[in-house]
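Visitor: Chain residues, written in single-letter form:
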Amino acid sequence: MSYRAASVQEQFDDASQQREASMLGMWAFLATEVLFFGVLIAAYTLCRVRFPEAFAAGSRRTDVVLGTLETAVLLASSCTVALAVRDLQLGGRRAAMWLLVATAALGATFLCIHGFEYVTEYREGLIPILHYAQDGPEAIPMQLFFFLYYVTTLFHGLHVTIGVVLLLVMAWRTRRGDFRPRYHTPVELSALYWHLVDIVWIFVFPLMYLVGRA
Amino acid sequence: MKNSHTPASGPRPPSLSSHLKVFIALLVLLLASVGTAYIPMGPFNLASNIGIAVAKALLVLVFFMRLKTDSPLLRIVASIGFAWVLVLIGLSLTDILTRGIGPVS
Numbered sequence: 092m093s094y095r096a097a098s099v100q101e102q103f104d105d106a107s108q109q110r111e112a113s114m115l116g117m118w119a120f121l122a123t124e125v126l127f128f129g130v131l132i133a134a135y136t137l138c139r140v141r142f143p144e145a146f147a148a149g150s151r152r153t154d155v156v157l158g159t160l161e162t163a164v165l166l167a168s169s170c171t172v173a174l175a176v177r178d179l180q181l182g183g184r185r186a187a188m189w190l191l192v193a194t195a196a197l198g199a200t201f202l203c204i205h206g207f208e209y210v211t212e213y214r215e216g217l218i219p220i221l222h223y224a225q226d227g228p229e230a231i232p233m234q235l236f237f238f239l240y241y242v243t244t245l246f247h248g249l250h251v252t253i254g255v256v257l258l259l260v261m262a263w264r265t266r267r268g269d270f271r272p273r274y275h276t277p278v279e280l281s282a283l284y285w286h287l288v289d290i291v292w293i294f295v296f297p298l299m300y301l302v303g304r305a
Numbered sequence: 435m436k437n438s439h440t441p442a443s444g445p446r447p448p449s450l451s452s453h454l455k456v457f458i459a460l461l462v463l464l465l466a467s468v469g470t471a472y473i474p475m476g477p478f479n480l481a482s483n484i485g486i487a488v489a490k491a492l493l494v495l496v497f498f499m500r501l502k503t504d505s506p507l508l509r510i511v512a513s514i515g516f517a518w519v520l521v522l523i524g525l526s527l528t529d530i531l532t533r534g535i536g537p538v539s
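Chains as they are written, first to last, in our numbering: chain A, 92 to 305; chain B, 435 to 539.
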């Protein structure tokens, strides 16, 4: 079973070419992901140019402490998944499996913290359509900020959820002994996906949480 | 020809300490990003926010995603997605920021 997975498919010359094709395909997919979130950030940019005050007011209502904590959690998870790939490449298996499980756990932690934020925001009436109880001069354009905030963070959260499932599958396959130093491409690809989710958050965090704080 | 490829096991494995150093650098940049956000610097608040985010993203791309040591082809493909986003945001801004400039008919 694991031998078949490790063997070179007939369209490739050798294992190295096979790995390179997989990596190239993954990066092409990641480029489309960058464009997907890029469109949301472009929409954010244009709306912020039009309503700078409302965006600063909206950003001040987000929880900067939890936001910073979430960023730190995601950065740590990026490090653990990179270490898992390294460990597999060096012939390890047990440590790699636990590093993958730890990464998934950090991803789940991120989702939980963000869930708390959503609950608080609901209580404060900051969610447009669902429960929006703001008044004052910026209340109407501030909805635009929160629309973008929810669309971006919910799509990001969806990506984190997919990543957590993917990492758990990889941890299970590592435990089953599917991977070896010469063949662990599925883990490498999952790690790339996870790093990209991290990079998206690296940009979302300052744009959503850190505006108008000074 | 074969030798120019990255081996099947992936690029040369990085050292444990290099990964931990990158992680610490990322945390320092995160704190710098939050810290500078509270210093009133006018438009430079935005510049420092974006600048630090770009630095963090580059650290992840170059070291964690191993673009530094992997095949050059991957560096090109990885750059393209970001380049298109820059075009998208850049050209949208040239439109919206220059409206009302010039002779009004």
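Among the hints, erroneous ones may be present.
If the Cβ cut is set under 7 Å, some of the chain A residues that face chain B in the computed set are [stated by the list, open to error]:
(1) 117
(2) 118
(3) 122
By construction, these hints were calculated from the structure, which means they are not laboratory data.
In this text the structure is predicted, and so the values were computed from the model without any measurement.
Using N, Cα and C, we set each Cβ at its ideal position, and we do this for glycine too.
Visitor: A separate judgement is required for each hint: does it hold in the structure or not?
Guide: Verification of the supplied hints:
no. : hint : in the structure
1   : 117  : 9 Å, violated
2   : 118  : 4 Å, holds
3   : 122  : 3 Å, holds
Violation of the numbered hints given earlier is confined to hint 1; every other hint is satisfied by the structure.
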